[in-house]
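Chemist: Same order as they appear, the protein sequences are chains A and B. Note that the first sequence ends on residue 406 in this note's numbering; no numbers are left out. Note that the second sequence ends on residue 1406 in this note's numbering; no numbers are left out.
Please keep in mind that the hints were generated in silico from the structure rather than gathered at the bench. Every residue, glycine too, gets a C-beta built ideally from N, C-alpha and C. Please note: incorrect hints may appear among the correct ones.
To be verified - Just some of the chain A residues that point at chain B, by a computed CB distance under 8 Å: (1) K30; (2) E289; (3) V366.
Said to hold, decoys possible - Cut-off 20 Å, straight-line C-alpha distance, at most; resulting in silico cross-link-like pairs (PhoX-like, lysine-lysine): (4) K1145/B x K299/A; (5) K145/A x K1299/B; (6) K1145/B x K22/A; (7) K1145/B x K145/A; (8) K211/A x K145/A; (9) K22/A x K54/A; (10) K145/A x K86/A.
2 protein chains.
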Amino acid sequence: MIKVAVLGYGTVGSGVVEVLEKNRQQVAGKAGQELQVAYILDLRDFPEDPYADKVIHDFQVILQDAEVDIVCEVMGGVGPAYQFTKQALEAGKSVCTSNKELVARHGAELLEIAMAHGCSYLFEASVGGGIPLIRPICNALTAEKLLSVTGILNGTTNYILTRMDREGADYGQVLNKAQELGYAERNPEADVEGHDACRKIAILSSLLTGKNVDPKGIYTEGITGITSADFAYARAAGCSIKLLAASHIQEDGSVCAWVAPFLVEMAHPLAAVNDVFNGVLVNGNMVGEVMFYGPGAGKLPTASAVVADVIDCARNGNRTISCGWSEEPARMSSFQKISHVFFVRASEKAREEVLAAFPVQKCVDVAERTEDFGFLTQPMEEGVFAQQYEKLGDKVLGRIRCLGVQ
Amino acid sequence: MIKVAVLGYGTVGSGVVEVLEKNRQQVAGKAGQELQVAYILDLRDFPEDPYADKVIHDFQVILQDAEVDIVCEVMGGVGPAYQFTKQALEAGKSVCTSNKELVARHGAELLEIAMAHGCSYLFEASVGGGIPLIRPICNALTAEKLLSVTGILNGTTNYILTRMDREGADYGQVLNKAQELGYAERNPEADVEGHDACRKIAILSSLLTGKNVDPKGIYTEGITGITSADFAYARAAGCSIKLLAASHIQEDGSVCAWVAPFLVEMAHPLAAVNDVFNGVLVNGNMVGEVMFYGPGAGKLPTASAVVADVIDCARNGNRTISCGWSEEPARMSSFQKISHVFFVRASEKAREEVLAAFPVQKCVDVAERTEDFGFLTQPMEEGVFAQQYEKLGDKVLGRIRCLGVQ
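Okay, chain A solo, but in the shape it has when bound:
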């Protein structure tokens, strides 16, 4: 029997306890032995809870119990989670987490500590919730030279964009509704400004390169500027609008990653990823593109991924499970040199001047719109596009990058 401690008895933490309880038999079969929740660390008490007697408030109890082999860190945030994780690993206890913020910021360091102390730091749940993603990238697509990852990694923004698309509603309205339904937090900044997706693509970029990709080096743009007008044009161009996170290995071995809304052609597999679902395309030099799709968040899916990591630790005994992500900083290439097709929306009055400023691929017409017009550019380097775009001032009303639009 292996004793497990759960740090944080919120949504994911209670999910972890539920998965371990409800799927006790499957879990024991896969782990090769019973897994038992020995402690639940939380600031609060839960007197009515069936696990009330497992709830403690002092992390030292867990640290000093030599029988606890595995710790699930599902508190979130960097503060105490970082300290607790470090101490647990230094004590030789493996840590399984859903904490993308901590993994993105200190993953490389924590992996080194785990390695040094003969235990593991696993984080399948930190990207894509319940979708097996990190394990397939690290353990299944092993014969591949991985070239890129492109995904919808944030369920909240995907829900908002899906509603805007289907209902023709404006961003503000849909955000309010999403907050009411609990799909968006009261302070939605981390989601809608792209920070959450940025952390996740930083993690995937680190796994792709084997080196450390700092989230701060990733160009990040959220969805707060997307309007119902943009969706009208997107539909006319045969596209939807999705917040994509992407990471591309360049020919010189450097990596470039970004988070931004994109027009995605309807025939593209990512265009069919709707509502709170996530989808991730992985591109390898032999297999081509494979996609992983499923619930990118939610109590039980996320908890299931944490427990899968716990099972892996149990199966592997005291051997460190390594994903080859070192502390060496990855060489980043300039986002300014990346080429995209751009959709541009501009004031009808300035049509001629605006069209003259870009290599135009085709115009996108929406009959009912008379004040503005839209068009797609030829592929342009980010830096070159930005220069032209800025010059035009308020004659241009918006621009969105395009995926799958030729």
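Assemble chain B onto chain A, guided by the hints.
Modeler: Same frame as chain A, now just chain B:
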């Protein structure tokens, strides 16, 4: 350094050699050591080939070379492949294969032999080509009680159905074109009659249950009866037509599997799986549905999956990698008791009699069709439906099951 032998220098075999060559560095990094092709077994000679000096014709050479630790069986078929695999495993050499026919027929026995001789029998490439599928099911979704698998597992039939849908063409025409393009074999029976998908769903069913599911016990229907008229009605019902393979664990723990064409609602993730691509939905009691999508066949994707297995063997040294598929026969439940919504196409002349014979959900109208009409039933047990359907003789012209249609 680990020495690898490749059995069969056809499409997949030459792909395996190519992946090992082109991604030498990645593969060595993941495997922890160099992998070297020591022998290529084939009946033919390949005098112009850069690996000409590795080509041999006698399997005994491989068997007797104690330095060969891993054998890639990519010959296909059951005959010699079965004997060679058995002998290799008995000699303690791990075998990695893309041979779905052999895995479906003798997988359980070969896994037992591998276990008894401290080596592994791996078959990631046998289902879904290059898509990581078997490994995620066995090693990632470990915290789940898996409830069902539903997938598009045959690229040839998916290509044919996609073309029929897009071009309004008839089955025969599209099959001819697919044969010209090399997407369908000259004798297409294994694909178009559903046998290939049946073998694959038998393998997945065995992994789901941990027991042996005999392909012979799986209801199998191909696509040869699908007409352009069916597609006209499918479109009117907001659906596409896909050849699905499914396996469901029943509440009593028994399993029921089938292969048949289905009307699939356009909003369903499997409806977006087109051309030669495969897609597989896995349903777990905690995560809900996750989907794996990608190239289900093809030289390099399939070879990449075989090499991923080779890397796993190399990493694991002499420990057997087990997927928990025993020789004990799985308890099968009757397909006759499974409920589906059915689309029925019948002669306009017999409209009243036919409609009276079924619990009708709604009619599906196609303006330009005057000789026949179509409707959807309420969910009906297979056995009950079949009885009614047969009674009506040639008054009914066709029927297709439905997925996602309420």
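Chemist: So if I understand the rule, the pair passes when the alpha-carbon distance is 20 Å or less; does K1145/B with K22/A pass?
Modeler: Status holds; Cα separation ~9 Å.
Chemist: Let me know if the C-beta of V366/A comes in closer than 8 Å to any C-beta of chain B, holds or violated.
Modeler: Check failed: Cβ of V366/A comes no nearer than 24 Å to chain B, outside 8 Å.
Chemist: Are the Cα atoms of K22/A and K54/A separated by 20 Å or less?
Modeler: Status holds; Cα separation ~17 Å.
Chemist: Run the distance test for K1145/B versus K299/A: straight-line Cα separation, threshold 20 Å.
Modeler: Roughly 16 Å separates the two Cα atoms, so the pair holds.
Chemist: Is the Cα-Cα distance between K1145/B and K145/A 20 Å or less?
Modeler: Status violated; Cα separation ~33 Å.
Chemist: Hold the hint about K30/A up to the distance rule: shortest CB distance to chain B must be less than 8 Å.
Modeler: 4 Å, holds
Chemist: Quick one, are K211/A and K145/A close enough, alpha carbons at most 20 Å?
Modeler: 15 Å, holds
Chemist: Is the hinted pair K145/A and K86/A satisfied, with a Cα-Cα distance of at most 20 Å?
Modeler: 32 Å, violated
Chemist: Verify the proposed pairing of K145/A with K1299/B, using a straight-line Cα cut of 20 Å.
Modeler: 16 Å, holds
Chemist: Hint E289/A vs chain B: min CB-CB distance below 8 Å?
Modeler: 6 Å, holds
Hints 3, 7 and 10, counting from the list given before, are not met by this structure.
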